[in-house]
Amino acid sequence: MSAAAPASRSLSDPSPGDPSLHDPSVGDPIDVEAVRRDFPILHQRVHGKPLVYLDNAASSQRPRAVIEAISRYYEHDHANVHRGVHALSQRATDAYEGARESVRRFINARETKEIVYVRGTTEAINLVAQSYARPRLKPGDEILISALEHHANIVPWQLVCEQTGATLKVIPITPAGEVDFPAYERLIGPRTRLLALAHVSNALGTIVPVEKFIAVAKRHGVPVLLDGAQAVPHAVIDVQALDCDFYCFSGHKMLGPTGIGVLYGRRALLEAMPPWQGGGDMILTVTFEKTTYNQLPWKFEAGTPHISGAIGLGAAITYLEGIGMARIAQRERELLDHATARMTQVPGLRIIGTSAHKAAVVSFALEGIHPHDIGTILDTEGVAIRTGHHCAMPVMDYFKVPALEEIDRLIDALDHTRAVLG
Amino acid sequence: MDLKDLYRDVIVDHNRNPRNYGRLAPADAQAEGHNPLCGDRLTVYVSLDDERIREVRFEGSGCAISVASASLLTEAVKGKSKAEVHALFDVVHALLTQQDANIDAAQLGKLAALSGVREFPARVKCASLCWHTLNAALERAGEPVTTE
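Read top to bottom, the protein sequences are chains A and B. Per my numbering: the first sequence = residues 53 to 474. Per my numbering: the second sequence = residues 182 to 329.
Treat the hints with care, as some may be off.
Stated by the list, open to error - Computed from the model, here is a short list of chain B residues facing chain A with C-beta under 7 Å:
no., residue
1, L184
2, Y188
3, C244
4, A245
No lab work stands behind these hints, which were simulated from the structure alone. This structure is a prediction, so every number in the text was calculated from the model and none was measured. Glycine included, C-beta positions come from ideal geometry on N, C-alpha and C.
Bound-form chain A, shown alone:
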């Protein structure tokens, strides 16, 4: 889809053969050191040790290009958008809407009317739950999600079920951390009103083969929302090829700012949905008797938006496209293979989530040692990881953890953990 991506490859289509060999079709390997130099925050020591940032699944860091785009906007171009006739307002509007076109191109939406700016994936899902689902749901209707969803793809549906009397159904997962497809085929039925599914699991790294889930949903006439927060940074996403109805993602997980995200929605669905927040910018005319709503996508963007966030997101997309999503995916496979191989050798370490199709996220448990202790001890070694409730530790995710040597630093720090608490 994108001219900048040398090869188009979806998440569900990993390259066959030995993944340690570089696939020539994706272009030259990434210059890891050059990429690392682009991230100012990585050039620091934590507790006296060079920082190893492995918490990208929670939030990625920003390249200088993104930081500078935001600074440049505030230093030269800031004004409110869609309002003034003066030069600054025009420049701000052009930059804000230009970023929307970048987003459209990045996920291959048909038109920018289908790209709604939101605060992040969470707000995108809440918007669909309240504006699409709530007016349609009746008691006895069903929303279908899976057992590996992030809280953001669970709680909004629980809320709307409470509001409407609908029922939330959960597709179970297998011990490997895959969504149970036969169970899904049994659960979907005439009462199903929406399927809401993660594209990539944030906790386990599982790549859900959403294409075959969507094909079944289409046969039942069920619209599909994908939570793409963990998928968008890792591979080429094409919402037309996926044939999904809604696709949600966040800027901060893909090198962009916090507080900005995207709801992609099929135009016909978005047009039929009522606004979910009222205010400025989402209206055409207002009288006390009658208000006419603005066109898409502004109908869903009440109030002064996160202009600098959108501009930063556009800069992040330009940066990612400059490297090429296919090369990023290739590099991530190398990192995942190296991490899996090294971590499997750590005594007492169990990797959680062993699907054959995984993004570069590794969760693990260390026998007899609580994740909180591991997190503290690794931190003193300068290694930043995520420690979570269910021993779920999305360890590393992404080429911004560029060096294989950084995985080795993690392994050394884990050995140290065992020495301290063993």
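Guided by the hints, dock chain B onto chain A, whose structure is given.
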């Protein structure tokens, strides 16, 4: 910031072999404590003679700091009155949170091993969870408390 300040031998020992671990039945009161941030979850049981703690036990799961702190707590509060427990908690809380606290180490005994926690602010809740839970057990049986 030295890891050995946090994971002292006493802490590592009490994590590996927690004292007074397991259910107390019958108990005069019990309370459940939960730290939703990291999933630490423990139950503290107490039996009283008049106003004094005759028996105290705990069970649950958590990180090394929370388990060791609960284990040390059970040793420290046995035989103490409610008022003495509250006074001791005030001292432990100062130990966990104040850099320049003027603390009588003799009063704390083995609990002084928790002093390294104050260098790791993210872990203070781990060490204090059992104390909040004991307070809840002493004040009112049953209702869960959290660190939030």
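How the hints compare with the structure:
Interface restraint check: L184 (chain B) against chain A, minimum CB-CB distance 5 Å, threshold 7 Å, status holds. Checking Y188 (chain B) against chain A: minimum C-beta separation of about 5 Å stays under 7 Å; hint holds. Evaluation of the C244 (chain B) hint against chain A yields a held restraint, the C-beta minimum of about 4 Å falling below 7 Å. Checking A245 (chain B) against chain A by beta carbon gives a least distance of about 5 Å; that is within 7 Å, so the hint holds.
Consistency with the previously given hints is maintained throughout, with no hint failing.
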